[in-house]
Amino acid sequence: MTGPPTPLRVGRDALLLECAGPEQVRATAAAALARRESGLLVCDEVVPGAATVLLDGVVDRNAVLAELGTWADVEVVDDEDRAVELPVAYDGPDLDEVARLTGLSTSEVVDLHLSTELRVAFCGFAPGFAYLAGLPEVLHVPRRDEPRTRVPAGAVGLAGEFCGVYPRESPGGWQLLGTTRTTLWDPSSAEPALLRPGTAVRFTRD
Amino acid sequence: MTRPEERAITVERLAGLVLLADLGRVGLAHLGVPRSGALDLPAHRLANRLVGNDEAAATLECLGGGLRLRVGAATTVAVTGAQVPVTVDGRPRDWGDAVAVPRGGVVELGRAVVGLRAYLAVAGGVAVEPVLGSRSSDLLSGLGPPRVEEGDELPVGERPGAPRPVGVAVPPRAGDPLELVVGPREDWFDEAALETLGRAAYVVSSASNRVGLRLEGPALGWARSRELPSEGMVLGAVQVPPGGQPVVFLADHPTTGGYPVVGVLDPASVARCAQLAPGDEVRFRLTRP
Numbered sequence: 001m002t003g004p005p006t007p008l009r010v011g012r013d014a015l016l017l018e019c020a021g022p023e024q025v026r027a028t029a030a031a032a033l034a035r036r037e038s039g040l041l042v043c044d045e046v047v048p049g050a051a052t053v054l055l056d057g058v059v060d061r062n063a064v065l066a067e068l069g070t071w072a073d074v075e076v077v078d079d080e081d082r083a084v085e086l087p088v089a090y091d092g093p094d095l096d097e098v099a100r101l102t103g104l105s106t107s108e109v110v111d112l113h114l115s116t117e118l119r120v121a122f123c124g125f126a127p128g129f130a131y132l133a134g135l136p137e138v139l140h141v142p143r144r145d146e147p148r149t150r151v152p153a154g155a156v157g158l159a160g161e162f163c164g165v166y167p168r169e170s171p172g173g174w175q176l177l178g179t180t181r182t183t184l185w186d187p188s189s190a191e192p193a194l195l196r197p198g199t200a201v202r203f204t205r206d
Numbered sequence: 001m002t003r004p005e006e007r008a009i010t011v012e013r014l015a016g017l018v019l020l021a022d023l024g025r026v027g028l029a030h031l032g033v034p035r036s037g038a039l040d041l042p043a044h045r046l047a048n049r050l051v052g053n054d055e056a057a058a059t060l061e062c063l064g065g066g067l068r069l070r071v072g073a074a075t076t077v078a079v080t081g082a083q084v085p086v087t088v089d090g091r092p093r094d095w096g097d098a099v100a101v102p103r104g105g106v107v108e109l110g111r112a113v114v115g116l117r118a119y120l121a122v123a124g125g126v127a128v129e130p131v132l133g134s135r136s137s138d139l140l141s142g143l144g145p146p147r148v149e150e151g152d153e154l155p156v157g158e159r160p161g162a163p164r165p166v167g168v169a170v171p172p173r174a175g176d177p178l179e180l181v182v183g184p185r186e187d188w189f190d191e192a193a194l195e196t197l198g199r200a201a202y203v204v205s206s207a208s209n210r211v212g213l214r215l216e217g218p219a220l221g222w223a224r225s226r227e228l229p230s231e232g233m234v235l236g237a238v239q240v241p242p243g244g245q246p247v248v249f250l251a252d253h254p255t256t257g258g259y260p261v262v263g264v265l266d267p268a269s270v271a272r273c274a275q276l277a278p279g280d281e282v283r284f285r286l287t288r289p
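These protein sequence lines map, in sequence, to chains A and B. Position 10 (the first sequence) corresponds to 10 in the UniProt record's numbering; numbering is contiguous. Position 166 (the second sequence) corresponds to 166 in the UniProt record's numbering; numbering is contiguous.
What the hints contain is simulated information worked out from the structure, not anything from laboratory work. Among the clues, some could well be false.
Footprint (simulated), chain A over chain B, 3 or more residues, beta carbon under 8 Å [what the hints assert, rightly or not]:
#, region
1, 27-33
2, 58-69
3, 248-257
Because the structure is a prediction, the values reported are computed rather than measured. Cβ coordinates follow ideal geometry from the N, Cα and C atoms, glycine included.
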């Protein structure tokens with residue numbers, strides 16, 4: 001038990017809930033969504049971060065502060081239906097650099113990436129861009145010194161403790177390992193993002 | 001009743017960036033979808049009310065004014081936000097009020113005299129297909145309609161109900177301080193930073209856009225050297241990168257960010273930021289939450 005998250009007031013109608021770690025982020029976001037579903041919480045947005053959950057547009061902030069102590073009781077149910085497999089061609093321009101930075105061979109980098117169970121910690125940067133947590137420490141590499149002005153859609157990259165896939169062409173500074181052909185973002189769909197907070201992700205060889 | 005093709009408006013000339021704006025995309029921040037929408041929401045809402053639209057109807061947001069368009073069917077328009085000269089078929093009309101336009105009439109907005117972003121509402125609203133529940137252009141994310149170009153024919157919805165001219169258009173006024181609620185990360189800044197922020201004058205940088213109002217002035221020093229794990233960002237957050245120059249997050253801001261937020265503007269102050277031009281001076285008045 002870690003106790004309830006620590007609330008910080010944000011502007012006039014938002015709260016930032018500081019969590020002890022990724023597990024508490026998931027539990028807190030799940031509790032917030034469950035409460036919103038049942039009408040106990042009225043707010044516009046529930047936004048998980050790396051170590052926080054933001055509640056934006058909260059209608060009764062004092063009520064949330066008063067009952068936050070009971071949020072830890074909500075059980076987090078992993079949605080196994082939401083496990084996603086992403087086939088990757090390991091043809092990224094930074095594969096050699098990642099090998100150099102980690103002291104591994106390129107095939108060891110690829111094998112390690114393929115054998116890691118990842119989970120979407122939070123989204124941001126661009127619509128459908130998911131920060132995938134769970135990388136072994138050896139794969140934690142810094143961003144490129146010079147970001148690329150153009151990273152293609154489907155590029156799979158590493159930065160710090162996270163792995164990510166660029167949903168559409170954009171600038172970007174992550175170390176690129178390869179490319180997936182899977183569509184990650186479709187704004188015309190009822191579920192526009194393939195990868196959402198909590199989604200389990202596994203990479204396979206394309 | 002007019003047919004949709006009769007109601008369309010044709011963009012004959014524009015001087016600066018013209019985008020479609022509405023109330024934005026709310027409820028998708030956890031997927032990385034920015035709110036977007038009109039930067040000056042009160043001006044957008046008033047323009048819609050003046051022509052009888054629902055406040056969620058799409059208006060045209062014109063940076064710096066400067067827009068000429070021809071209406072198909074007879075209609076009503078209203079221009080709010082930045083104060084711009086308004087003419088219909090060359091004759092001066094009121095800014096900030098409902099203006100009747102005859103069939104085939106030409107509406108022209110001159111360059112902004114006061115403020116930066118003018119909002120033009122047309123009865124029925126601009127009726128492009130919504131994307132994720134909004135007709136707002138979000139150029140950074142690539143969501144919604146592209147920027148408006150000369151020659152575009154924009155669809156217009158059916159004429160709505162009676163106008164609800166509640167509220168009076170007032171030209172934007174510079175000079176008053178922006179109201180800032182301190183936090184959530186004030187403890188990331190050194191002692192002098194908050195005192196500086198409450199006292200100093202900042203100047204709006206030319207690098208400002210719909211993502212953020214970038215300010216130049218005395219640097220706000222960090223008290224910590226480690227990095228802040230990425231966290232959710234709200235509209236009006238004043239984020240401070242390591243260089244110490246504050247950035248006010250506006251409608252197209254990213255949904256999460258990794259620099260500490262020293263404070264958050266109240267909604268009225270966020271709307272005023274939409275009307276600040278490069279070179280304008282900005283001060284803050286700090287309050288505690």
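Do the hints match the structure? See the list:
Coverage of the region 27-33 of chain B by chain A holds in this model, with 7 residues showing a Cβ closer than 8 Å to a Cβ of that chain against a need of three. Only residues whose beta carbon comes within less than 8 Å of a beta carbon in chain A count, and the region 58-69 of chain B has 0; fewer than three means the coverage is violated. Counting residues of the region 248-257 of chain B whose CB falls under 8 Å from any CB of chain A gives 4; the rule of at least 3 is met.
In this structure, the one hint that does not hold is number 2.
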